[in-house]
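As a plain string of letters, each chain reads:
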Amino acid sequence: MVQQFLVRNNVKDFGNGSQPMLFAHGFGCDQHMWRFVTPAFEDDYRIILFDYVGSGKSDYASYNPERYQSLQGYAQDILDICEALDLQNVILVAHSVSSMIGLLAAIEKPSRFSHLIMVGPSPCYINKDGYIGGFEHKDIEGLLETMEKNYIGWANFLAPQIMGNADRPELGQELTDSFCSTDPVIASQFAKATFFSDNREDLSKLKTPSLILQCAEDIIAPSQVGDYLHQNLPNSTLKQMKATGHCPQLSEPGETIQLIQDYLGVTA
Amino acid sequence: MIAQLFDKAPCGYISFYDDGTIFEVNETLGSILRIDKQALKGKNVESLFTLPTKIFCQTHLFPLLKIQSHAEEIFLTLLSSDGEYLPVLLNAQRMEWEKRMITSCVFIVVPNRKKFEDELVAARKTAENALSQNTDLVAVKAALQKHTKKLEQQMRLVSSQNQELQQFSHVVTHNLKEPLRKILFYTEKLQGETQLPTMEKLARSAQQMKAVVTGLQQYVWLNEKANQYQQVNLDAIVQNAISQLTKEHDAHLLNLQMDVLGSLEGDEDQLELMLYHLLDNAVKFRKGEKANVIIKSTLLKQNAFRQVAGKYDYQSFIKLEVTDDGIGFDPEYKNHIFELFRKLHSGEGQGLGLALCKKITGNHAGIIEADGKPGISTTITIWLPLQQAAFGLQEALPGMLNP
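As you go down the protein sequences, you meet chains A and B in turn. The first sequence lines up with residues 0 to 267 when you count with numbering that gives the first Met the number 0. The second sequence lines up with residues 0 to 402 when you count with numbering that gives the first Met the number 0.
Treat the hints with care, since some could be wrong.
These stretches of chain B come out as covered by chain A in the derived footprint (C-beta under 8 Å, 3 or more residues) [claimed, not checked]:
hint	stretch
1	42–53
2	64–76
Cut-off 20 Å, straight-line C-alpha distance, at most; resulting in silico cross-link-like pairs (DMTMM-like, lysine to aspartate or glutamate) [as the list claims (entries may be wrong)]:
hint	chain 1	residue 1	chain 2	residue 2
3	B	Lys124	A	Glu82
4	B	Lys114	A	Glu144
5	A	Lys108	B	Glu368
6	B	Lys310	A	Asp58
7	B	Lys295	A	Asp201
8	A	Lys108	B	Glu320
9	B	Lys42	A	Glu216
10	B	Lys300	A	Glu82
11	B	Lys65	A	Glu216
12	B	Lys40	A	Glu216
Have a look at the derived ranges for each label pair, beta carbon to beta carbon [unchecked claim]:
hint	chain 1	residue 1	chain 2	residue 2	range
13	A	Ser110	B	Ser80	54 to 60 Å
14	B	Asp370	A	Asp182	38 to 44 Å
15	A	Tyr59	B	Val170	53 to 59 Å
16	A	Asn126	B	Gln165	56 to 62 Å
17	B	Ala225	A	Gln87	54 to 60 Å
18	A	Asp182	B	Gln238	50 to 56 Å
19	B	Thr20	A	Asp182	31 to 37 Å
20	B	Ser46	A	Asp197	27 to 33 Å
21	A	Ser110	B	Leu130	40 to 46 Å
Bear in mind the hints are in silico, worked out from the structure with no lab data behind them. The beta-carbon is built from N, C-alpha and C at its ideal position, and this holds for glycine as well.
Based on the provided sequences and hints, a complete structural model is requested.
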């Protein structure tokens, strides 16, 4: 039974170390987001990559709208994979919304996780009760509309063509394939589960030590959100990055790797 | 000449560095946005977008460009200087230019295409909804039919088993009680007359039997009584359980530390009985002078469906972890520890307390688990739902139990 999870979530398990590093992708992408980062950890850790059900090359038949309408359902994916591989002492590296998914997983099964590394996290994207998340409800509606419009042109958006990666042609091809397989209905539900989530009350329950990697000029997770997280997450470390935008693992993989290594070197 | 053509081209052009800084634009784009093109240079490309488009760029477009280097026919919305939303189509190519990576983009404003697409999207949504409702309905119907048959079978089985069980437990509790009372009475009387050590043993065995029967009665009570759900303050009932406990043990035997446990919907008498037994076990199976007990409470969400596969309903649960520093137990037995009259240790107790706790958590649609380290500690973890309504136990159980 548990072995099915490995196929369902397109799990990749490699590396030469024994301590597992589990990399969780965010909304809008899949496990390829980590490809510039994982080589730096392959020699010292066991690397586990996966796609959430409904993303990348996961098994779309396993998508259950009831389960994945909240981040809890996605957290169950992480716990399922940990169970299938019997992972202990896991360093969970989580991008964007996965930070809160990882938080829920670590609250539920604290014994499995040693560290939680959050890249561009936010506990709540919508502004409410004096809290500044960065967005209003209508902005998210606008995002859903933009996404829908782009599914009309899906075929062109994602057409498998030969890309600019002359040295690594397989790279672009793979990515196109996986982006291609994203289902618009699922993507829209993931967007809602992500941007309408509010995990502020869960923060104080996290016992696992955490690292918050805060990007500069990140509209999705602005710096005041990083500060809020740092204040409310017990045993957290906040690192301000030079990288701008929301995907430092793509734009500044070197800086991302260095900060993770420094943190693990200090706390391990 | 070329520069002029480029400036007046019937599409907006912009190029920017990887950090988003705009490095070249044409006049057409300036006039679309109603900003002087010189003023655009040096700004961040994101400043031209509406907020939803910014999110889309960060989560989809920029990662795509970073790895795939190009994107075609992307629908975005630009924001003009006077606040107008401009639907555009974008083609983009990331490339090296004068030793730096730039992304070169053209925009075409597509207000008419947008109207057309809006209608398409609306039509598709209607179709999708109808389809999904229809598919769901067919699937639900099939599942319902299958489950109804299964349920009918199970109800029949449960109700006949329940009847037997009820008769059996009545026999055990009521019919044993009277002869037992007499045995105890005459044993006591005989003890006054003779000092034989055998009498001592007889009296002790009879007392043990009485404890078993009393325990069974409690168990039967939990089976038969309808659950009375109300808002229960767990902190208050722990205090009640402690005062009950101090009637039977010295107060100093228990050293309790606990979180604020909170309150939930439940049967107050049952929950108090459960906490009483948990603390009573900790005292009975203490290692040293005192039982040091810690109760931790966490509020979390759990899937309320545990038997039916593929169903999800995340509900709020309180997780209570009761940890003591007593004699512990071998975790190999953690699934047997809740069985009725199962004793892992000789001596104290009838092997009843945890069976009752399991019964009570079951009555609350909760879960109970045990973990232990021999000679070190025992942890009993209990998940109880905050609200009972989602589980429908009120309606289902009494009918099943009293056929």
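Results of checking the hints against the structure:
Against chain A, the stretch 42–53 of chain B contributes 7 residues with a C-beta closer than 8 Å to a partner C-beta. That satisfies the three-residue criterion, and the hint holds. Counting residues of the stretch 64–76 of chain B whose C-beta sits closer than 8 Å to any C-beta of chain A gives 12, which meets the bar of three, so the coverage hint holds. For the hint linking lysine 124 of chain B to glutamate 82 of chain A, the alpha-carbon distance of about 38 Å lies beyond 20 Å, and the restraint is violated. About 13 Å separates the Cα atoms of lysine 114 of chain B and glutamate 144 of chain A, which keeps this hinted pair within 20 Å; it holds.
For a cut-off of 20 Å, the pair hint linking lysine 108 of chain A to glutamate 368 of chain B stands: about 14 Å separates their Cα positions. Restraint check for lysine 310 of chain B and aspartate 58 of chain A: satisfied, since their Cα atoms lie roughly 18 Å apart, inside the 20 Å limit. At roughly 16 Å between alpha-carbon atoms, lysine 295 of chain B and aspartate 201 of chain A fall within 20 Å of each other, so this suggested pair holds. Simply put, lysine 108 of chain A and glutamate 320 of chain B have alpha-carbon atoms about 13 Å apart, close enough for the 20 Å limit, and the pair holds.
For the hint linking lysine 42 of chain B to glutamate 216 of chain A, the alpha-carbon distance of about 13 Å falls within 20 Å, and the restraint holds. This hinted pair checks out: lysine 300 of chain B and glutamate 82 of chain A have alpha carbons roughly 19 Å apart, not beyond 20 Å. With a C-alpha separation of about 18 Å, the suggested pair lysine 65 of chain B and glutamate 216 of chain A falls inside the 20 Å cut-off, and the hint holds. For the hint pairing lysine 40 of chain B with glutamate 216 of chain A, the CA-to-CA distance comes to about 19 Å; that is within 20 Å, so the pair holds.
Between serine 110 of chain A and serine 80 of chain B the CB atoms are about 56 Å apart, so this pair conforms to the stated range of 54 to 60 Å. Checked against the hint of 38 to 44 Å, the pair aspartate 370 of chain B and aspartate 182 of chain A passes, with Cβ atoms roughly 41 Å apart. Restraint check, tyrosine 59 of chain A to valine 170 of chain B: a C-beta distance of roughly 57 Å satisfies the suggested window 53 to 59 Å. About 58 Å separates the C-beta atoms of asparagine 126 of chain A and glutamine 165 of chain B, a value consistent with the hinted range of 56 to 62 Å.
One distance hint, 54 to 60 Å for the beta-carbon pair alanine 225 of chain B and glutamine 87 of chain A, is violated here, with the actual separation near 44 Å. Checked against the hint of 50 to 56 Å, the C-beta distance between aspartate 182 of chain A and glutamine 238 of chain B comes to roughly 54 Å, which is consistent with it. Between threonine 20 of chain B and aspartate 182 of chain A the Cβ separation comes to about 35 Å, which falls inside the hinted range of 31 to 37 Å. At about 29 Å, the beta-carbon gap between serine 46 of chain B and aspartate 197 of chain A stays in the expected band of 27 to 33 Å.
About 44 Å separates the C-beta atoms of serine 110 of chain A and leucine 130 of chain B, a value consistent with the hinted range of 40 to 46 Å.
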